[in-house]
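**Student:** Each chain, letter by letter, is given below.
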Amino acid sequence: MSYPPAAPAPPTRRALLRGALGLGTAAALSACGGGSTTLRTSGDVTLGLWTHDPGYETFFEKGIPDADRTGDFRYHLKVTRAGAPDIVTKLLAQAVAGRGTPDLVGFEIGSFPRMLRGDIAERLLHDFTPDIEAVPGLKEDLLPARTAPFSRDGRVYAFDSDTPMVVYFHRRDLFEKYGLPESMATWEEFAEAGARVHRDHGASMCVVSTVGSDPGQVVQSFQMLLYQRGGAFFDADGALVLDSPEAEEVLRFLCEGLRSGFVVEVSDYYGAGMQTALKAGRVIGLPMAIWYKNYGLVTNVPEQKGRWRVRALPRFAGGGGVTAALGGTGFGVVEDKANTRAATEFLFRTWLTHEGQVRRFTETGYLPTRRSVYEDARLGAYEDDFCGGQRLFGLYRSLLPDVPPFHQSPDQSILYDVLGGNLLRAYHGDLSPRQALKQTAADFRDQAGR
Amino acid sequence: MTTTVAGPPGAARARSAPKEEERRPRRSWAPYLFISPFYLLYALFMLVPVGVSVWLSLTEWVGLGAPRWVGLRNYRLLATDISFHRALGNTAVFVLVAVCLVVPLALLIAQALNTRGLRVRDLWRTAYFVPIVVSPILVALVFGLVFDRQFGLANAVLRALFGSGGVDWLGDPDLARVSIALVMLWRWTGYLTVFFLAGLQNVPRELYEAAALDGAGRLRTFTTVTLPALKPVTAFVVVTSFICAAQIFEEPYLLTGGGPAESTLSVTMFIYRAAFQRQQFGYAAAAAVVLFVLVFGISRLVNRLLGIGRAAS
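Heads up: the sequence lines are chains A and B, in that order. All letters in the first sequence, in the order written, are residues 1 to 450 by the numbering used here. All letters in the second sequence, in the order written, are residues 1 to 313 by the numbering used here.
Think of the hints as simulated: they come from the structure by calculation, not from any bench.
Selected chain B positions facing chain A (Cβ under 8 Å, derived; list incomplete):
1) Val-62
2) Gly-65
3) Asp-81
4) Ile-82
5) Asp-148
6) Arg-149
7) Leu-170
8) Ala-176
9) Leu-255
10) Glu-262
11) Phe-276
12) Gln-277
For every residue, glycine included, the Cβ atom is placed at its ideal position computed from N, Cα and C.
Assemble the whole structure, with the sequences as input and the hints as a guide.
**Tutor:** Structure follows, in C-alpha cells:
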C-alpha cells in the first residue's frame, strides 16, 4: 500500500516575512549597483541630459533625427532640468554615489570652475581633444576663445553654446535726438558726450550693476570693458593677472563715468530698476553681450522694437580690441559610462555640425562657435526685427578676430566675491581704483588655494 | 559517634547557590532591545555625521576622489582668514539682535497679548505667528521689494515723510546688516511671543493680587512678579534664539547673498560657500566644527548662567 505524498505544509507567516525581507534586500542591493558600464556602440540609446535652460532641451530634441540619420545610434533623451549651480552639485553627489549621473551635462560658464577644482573634471568628464582631432578641420575651425573657458591643461571638457560677443546696444532715435554722432570711435569720446547728455537730458550711455547680492553681476559690468581693453582675470594657467594697468584704467573710467552721469548704477540688469530706466529713456545705451537683446531688452521693453541698434564697442584710446565675451554654457559628456560614446557622437552630430550651429542661432539666438559658420549666407541675410531690420552678421564677422579668450580658475568664485565688494567700494568712492585692485589681489591671495 | 566529614570550603555555599540564582532577577536583553532604536538612530544620524565632519575637517577634499589628510591645516588657515573673521563678526551681530532685540520685544508683545479684556486675542496671536510659517523665499521676495533702492516701499515712505529716500538698504554694507536685522525682527518675534504667552498664562493670579495689595505699580509688578516667574521660559527662549541666530542662513542668503562686500555673510553661509561654490569640503567642515564648538560652548555657558535644569531652591 502506498501513501500519497504529503502535501507541502503552507509557509508560515514568519517564513513569508523572511522571504519578503530577503527579496526586498536583494532588490535594494541591485538598485544600489552602478549599472552596466559596457560601452554601447550602436542601437537604441536613451541619453540622460541635464540642463538649466529649456532652449537647449528643445534644440537637442529637434536634433535627434539628424543624429539618428548620420550615426549608428537611435537616440532618445531623458531630460532633467535644474538650476545652473545645482547641476554641478547634483552631478558630484551622484558621482560620489556611483550611480545616477547623466550622460550629457550643460554647465553654465559661472558654475564650471567648480569642475576645475582638484581633478574633478579629469575624473568625471570626457576629454574631447582626440575627438576634435579626429574630425578633419574641426580643430582649426573651433574658436579657441570659446574652448578656453571649458579647457584645462590643453584638454577640452565641454563645447560652448555661444560666442557671446559684447557689443554696444543703443537707442538710435535718442542718439539722433541728442545729437550723438555715429562717428564716435573711442570710449573717451563717448564719456565726454555722455556727460553732456546726462547734464542736458538726464540720460546715461553706460550701466554698471551694483546688486550687492549678486557679485557675479557686479563683476560682469567691469569684466566686459576689462577684457575689451586687453586685461583679464586669469591667464591660461589659472594665475591671477587682474592687478594690471588695463584694469586700473577701466575701473577709473567707470568711476569717473559714475561721477559725470555718463554711467548709471542699476541694481539688476534684468530687474524692475533697469526696466524703468529703459522705459523712461534714462538708459539710452549700454555695452552688453549679444544675448542681452533677448533676455534684457525684448523682455523688458518690447514696445521699443525697431528703435534699438547694435554696433561695435568704441575702442579705448590706450589700446585693446572692439569686443569681449560674456557668458556661455558648455556641454560635456560624463566619462566611463555605457553611453559615453553615444553622447559624444550625439554632441558632434547636433551641436557642432554646420547645420546644427545655424539652427542653434535661429532657434536660440546663440552665435556659432565655428568660424566657418559665420560665412553662411543664410546667417548673413538674417535681419533682426528688434534692431530695425539690421543685418548683424556682418558686424559679428568683423568682431570675431577680437573675441578674447576667457580662462577660468577653480578659485574664480573667490575672485568674484572679493572683486564684487571692492568694485562697489570704488564706485562709491570709498577706495581709489588702484586701492580696490590691490585690495582685491590681497584678499584673493588670502582666500585662494585653501 | 558520628563523624562529620568536612567538605571542601564553599561547598555549602555551592549547594545553596541555585536558590540564590532563582532569587536574583534574571538578566534580560529585552529592555536594551526596546531602547536600542533610539541609540542606533542617535549614533547613525548624530555621532557618525559629527565624527565624519571632524575627520573631514582634517582633510582636503574637493568632493570627489579620496580626501587628503592635512592635519590641523584647515584650522590654521581659518585663524588667519579675514573672510571667516568677517562672518564670525556678522554672526555675532545677528546673535545680539536676536537676544537683545527680538527676545525683549517678544516678551513685551506677549505681555500686551496677555492683557485682560483684549479683543480678538486669537487674531492677534495668529497675526504675530504667521511670519515664521511664511516661506523664506516669499519673505526674501517681499523684503527685496520693500528695500529696493529705487522703487521700494521703505524709500517711498521715507520720501513721503521726509522728501528724500534714496537709501541703499541692501547695497550699503552697514544698512544691509540693518535690513537683515529688521527681517529677523519681523520673522522671529511672533514665534517667540508664543512661548512667552504660554509662560505668562501659567503665572498664578494670586501673585498679581498679592502685589496689587502691596501697592505695586505695573512696572514693579512686571519686574518682581512676571519676570521671575518667566525665568525658565526666558532661559529657554534666549538659548534657542542664540542657537538659531548663530546658524542664520536663509535671511542673508536670500536677501543679500552675504553681500555687499561680505557685510552680511554669516558663518553658515561661509560654510555653504566653501563647500558648494568652491569645492573646499575640508575647509567647510573645519568652519562647521568651529561653529559647533562655539555654539555648544556658549549654550552651555548660558545654560549655567540662567540656571536651566537646576531645581529651584
